[in-house]
Structure formats: C-alpha cells, structure tokens
Amino acid sequence: MKKILVACGAGVVTSTAAMNKLQEELTARGVDETKYKLGQSSVAEVQSLADQYDMAITTTQYDNDEIKIPVINGLPLLTNIGAEKVIDEVIANLD
Amino acid sequence: MDLIDKRSVFANLEVDSSDQVIDVLSKSLFDQNRVISSFGDAVKAREIEYPTGIPSGDITVAIPHTDVKYVKQASLAFATLKKPVAFRNMGDKSQTLDVQIVVMLAMVEPHSQVTVLQSLMSLFQEQDYLKELLTLDKQEDLYEHISKYFKSFDV
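If you read the sequences in order, they're chains A and B. No gaps in the numbering here: position 22 of the first sequence is 22 in the working numbering, and each next residue is one more. No gaps in the numbering here: position 72 of the second sequence is 72 in the working numbering, and each next residue is one more.
Hints listed in this document are in silico derivations from the structure and should not be mistaken for laboratory results. Any given hint could be a false lead.
[What the hints assert, rightly or not] Just so you have them, the derived chain B footprint on chain A, three or more residues with Cβ under 8 Å:
id	region
1	17–23
2	33–41
3	55–62
4	75–86
[Unchecked claim] Taking lysine-lysine pairs in the DSS-like style, the calculated list, with each CA pair at most 27 Å apart, reads:
id	chain 1	residue 1	chain 2	residue 2
5	A	Lys68	B	Lys44
6	B	Lys131	B	Lys72
7	B	Lys93	A	Lys85
Just so it is clear, CB atoms sit at the ideal spot from N, CA and C, and this is done for glycine as well.
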C-alpha cells in the first residue's frame, strides 16, 4: 500500500478539496481504496513528513530539492483543467 | 447560522487591489462576529506566501483564506469585481491572474466543510454561470444566485 500526502498552504482548505477529488477520480479509474492511504498537511510540513510517504501532491507551488519522494502539482485537481494527467501520474507512482 | 450572509455578498465591487477586496470581505465577516479582528491581516499575510488565485478558465477566481484559529463561525464572503484585480497564481507564484470573482473562506475545521469546498470547485468550473454572475449588478440578485449554491450547507 502506498501513502500519499496531500498538502496546501494552510493544510485546511484546498488540500481537503484536492484529496476528495483525488479519491473520487482514483475510484472512477478502478483503483481500489486499499491500494493507498491519504494524509493531509500544510506544505511547510511536507519536508518533515516526506519519509513517511511515497509521494506528495501539493496544490501550491512547492520547490524543495531535499524531498526524495515524487512531488506532483495537484492544482488541476481543483480546477479540473488537466486533472487527468495528475491522476495518470499518481497511478504511475502507485505501481 | 447560514454559511453565507447577504451582508457578505458584494456585486460589482470597486476595488484597486487584492488587499482592498480582502479588507472589504474580512470586515463584513468581522462585523457579523464570524472572525476575529486580526483575520483580514492574517489573510493578506498568507496571500503573500501562499497565493490563492486559481486559473479556472476565462473567469479566474481567488479564494483568500487563513488558519482556522482566526475563525469563530464557518463562513463565506463573495464578491464580483467591477474591474479585475491581480492575485498571484496558487500553482505558480511568479504568475499573476486577473481575478474577477473572490470567495473568501473562513473555515473552522478541515473536514466538516468538504461539501462546501466541492461545490465551490464545481462552481468555478461552470464558467458560463460565472459569466452570468458577473452581469448581476444588484446585491440581492447575486445573493439569490449564490445562496442557492451554498444555503443548503448550514453549519
């Protein structure tokens, strides 16, 4: 099982919206909910939490070379523009 | 208490900057005792570090907000702008977006407002509907429209 961290500026608003969209889309693609586990944080916490996760999805811009796990730009999960590609990327990282 | 009050709905608001629209919206929430007095400043400060402009299509929106500790009562404030103001792009701080609709979010805890957030995000994708909202000059008409969207989410 892979662990996915969903982060935004405050760790409250947009990560919640993105997390729900992500779950919905993964289910729509036939990805079983037992295949992954979701966590939520602010982007400030991503660095300290990264070693507990397999990938991170951020709705805000996030550049940090220290992070060793894949970091995916999740803004399309809010706008729906390009959301398909984000889901493709997540699924590729689930395998 | 409803999530959105008519007094926090502004049609065709005339402002010159993102800070000004944040001031107007946060004051309306403060006047209704929904947020504490430092809420507006906290929103502006956060906007610098974590901008909230969303590239939603032809009509771009912004969702200024801040930490839950400044909020007393879960609320929304909504403004359509007479002329766009610049908000920076949430996904790319170096870009600015000409924002025409601003929805200020005052949330008390992350998970209780999921349905609100989802309906907001779907609203932002209904670009034709947003265009229609921009044509409304009267506060009452705008309130009527958006309360249909949000009124069912009593908290």
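We went through each hint and held it up to the structure:
no.	hint	in the structure
1	17–23	holds (count 3)
2	33–41	violated (count 1)
3	55–62	holds (count 3)
4	75–86	holds (count 5)
5	A:Lys68 / B:Lys44	32 Å, violated
6	B:Lys131 / B:Lys72	32 Å, violated
7	B:Lys93 / A:Lys85	21 Å, holds
Checked against the numbered hints listed earlier, the structure breaks hints 2, 5 and 6; every other hint is satisfied.
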